[in-house]
Amino acid sequence: MRIRFASPLAKRLGSGECTIDAPQPITVAEVVAILAGRFSHTEVFRDGTADGFVPYVWMAFKNGRYLLNPDDRLEDTDELEFIPPIMGG
Amino acid sequence: MGGYNNKLAYVNLTANTVSWRMLTREECRTWIGGSGLGAKLLCEHSSPGIDPLGPDNPLIFTTGPMTGSFIPGAGRHQVVTKSPLTGIYGEADAGGKWGTVLKASGYDGIIILGQTTRPVYLYVHDGIVEIFDASALWGLDIYDTDAALKNLHGPDVTVAAIGPAGEQQVLMATIVTEGRKAHTAGRGGLGAVMGSKGLKAIVVAGDRPVPVHDRQRLERSIEALAATIEKRTAALQEFGTAGGITGFERIGDMPVKNWSQGSWPAVEKISGQTMSATMKTGRSKCQSCPVGCRRTVKNKSRYGSVDGAGPEYETLGMFGGACLIDDLEAITQANELCNRYGIDTISTGAAIAFLMDLYEKGFVDLEKLHGAPIAPGHLPVWGNAEAMLWLIHAIGRREGIGRVLGQGVRRAAEIIGGRAHECAFHVKGLEMPAHDPRAFNSMALGYATSNRGACHLQGGSYFFEKAATMPEIGITKILDRFRTDNQGDIQARLQDIMCLMDSMKLCKFLLYGGVNLTVITEWLNCLTGFDYTVEEMLTIGERIFNLKRLYNIRCGIGRADDTLPRHILEEPRPDGGAAGNLPPLAAMLQEYYQARGWDGDGRPSPDTLARLELCEY
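If you read the sequences in order, they're chains A and B. Mapping of the first sequence onto this note's numbering: position 14 corresponds to residue 14, and the numbering continues sequentially without gaps. Mapping of the second sequence onto this note's numbering: position 553 corresponds to residue 553, and the numbering continues sequentially without gaps.
Isolated chain A, as found in the complex (with noise of 0.2 Å):
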């Protein structure tokens, strides 16, 4: 599965996209979970889970088009991608 990553979390990653090989079809939950040890350089992921999903330093965003939760599930043709948090307005 495609994984890409917005500007300014790219910076934080220091990559823009990623792929993973996991079972289909995976939770966002999941996802986070593989990517916490892909980066584990950083804390973007590391605690991403552990209080039931909060999107503090991210929010995931499937097919460009809808905000994810952590249950939500994902097939192998989905693009996923992680924006940063939007709690303005």
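Treat the hints as calculated values from the structure; they're not laboratory data. Since we're looking at a predicted model, the values are computed, not measured. Where a beta carbon is used, it is the ideal one built from N, C-alpha and C, also for glycine. It cannot be assumed that every hint is accurate.
Stated by the list, open to error - Per the computed footprint, the stretches of chain B lying under chain A, defined by three or more beta-carbons under 8 Å from a beta-carbon of chain A, are:
hint: 1; stretch: 268-275
hint: 2; stretch: 460-470
hint: 3; stretch: 487-497
Stated by the list, open to error - Derived DSS-like pairs (lysine-lysine); straight-line CA-CA distance at most 27 Å:
hint: 4; chain 1: A; residue 1: Lys-11; chain 2: B; residue 2: Lys-298
hint: 5; chain 1: A; residue 1: Lys-11; chain 2: B; residue 2: Lys-269
hint: 6; chain 1: A; residue 1: Lys-11; chain 2: B; residue 2: Lys-231
hint: 7; chain 1: B; residue 1: Lys-285; chain 2: B; residue 2: Lys-300
Place chain B on chain A using the hints.
This is chain B only, laid out in the frame that chain A set:
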């Protein structure tokens, strides 16, 4: 009873008199404070047919029971009046500490009646309200007014003031507290009402603590949630409201080119992250706030110098995205000018985007509108920062083309005529803030039914389609922002909850921190000693919302007004994260009226009025 001084001050500027009355236990229990109490007082002291800028329009400043307490996010106050911009119910709120200090002075609120021909300001302290001559202050901008009044009354006083725009009765004028910190009651032109009364400022001072019914229980409840609030609002702490702008653009929520474009990659140039890297000097907090979402900035550029409040998301969205200006220094200067003149950055940005749109489409004769030729460098073309700043001066001073734009896009379109109305984005006369209803269907319903016109905070439904939950009304996970079913009941209940928060005066950003209605009810009970249930709280919120609706109905509002600009309903965003979506407003509205217990024209049914004990209104 904790949470209250039980005292309201009345100032009649026509008669030059001051009086006060007790705030009764029943009023507190029924209307809570803030917005609810303000709406009740507005109905009590005026009729909807009044001229908003005439002597019969009361200008009401209220605090809530939580204002000034140690409850997180409770440093807010409310201003309620009939809006001169929309001609209907008007209210705005602000953070900072002015409300806290007003309450510490001994009053829960101040009701300003009448008008004076000579400028005055009020000094409220130790239970005393004094009226002073303000002739020497008239004409000063917000920062200089604040400084002058601190020079007169000491550095510890807190000032709410209008700037030159309020004095000139510009219909998008604001009431700004704490000078260059610029905590602003921004929407609806309430500063023009203050200016119409000849009231330049209200200075408050005091040190009376807020009484708390059960301090230990309240402290325990707050402590139990403190770490969660801290953690969940980390993004707001780090980058402020502006930190979300790249995300808002990505999901197709941000206004781009006066709502005509779907995406705008240049957004990164004006983001909170860029602000942090280039000009941020710190963050500032409202009274008792654990978050501190506001930025302080220092910047010197070819546009001028800024040393104070940085631009918020809404400001960046309207001057940036809506006008295609990707120059953060220019937008920071625009924010500074609006703060000094005392004009709303949302409505001002919307008016400038409107003019740029008109100019590109050939719908306006600029020279005729301005009364003189416009310099080539000031032509309102997309992305022209110099034009933006020049137009802000014109609006703030009510000069030339600014005389028209300062009346808001609805009136400006009427004055310009022709097809100008096609470029005017407002609901009930209030310019749309920087959130696109095509990116959140619920926002469409929220804008259409908000009692003050287009507003993202009166329903706040998009909080629950991004990051917040409210289990008490069935929201246990992030809702699908494009859903088309079950919109009516959720919108109604969320509007009721927002009425409660505006009445207690609790910051809505606490919702991101995990605060829900059960927590709010517990805090209010601990503070006041009342024994509200969650169900009773929802009914109170519903009563407050319906009272405002009744006021608007008497102003002539009906179903035909519960709508959105045609472009938003019929033209999808061409690209970006909300491409192709159009909110199904008609169906949602029908569902909403049913959920509210209103008839087909949006009037509360007799049964609804009886259930909410609103028959006397």
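Here is how each hint holds up against the structure:
1. 268-275: Contact hint for the stretch 268-275 of chain B vs chain A: holds, 4 residues under 8 Å.
2. 460-470: Check passed, 4 qualifying residues.
3. 487-497: violated (count 0)
4. A:Lys-11 with B:Lys-298: holds, 25 Å
5. A:Lys-11 with B:Lys-269: holds, 15 Å
6. A:Lys-11 with B:Lys-231: holds, 22 Å
7. B:Lys-285 with B:Lys-300: holds, 24 Å
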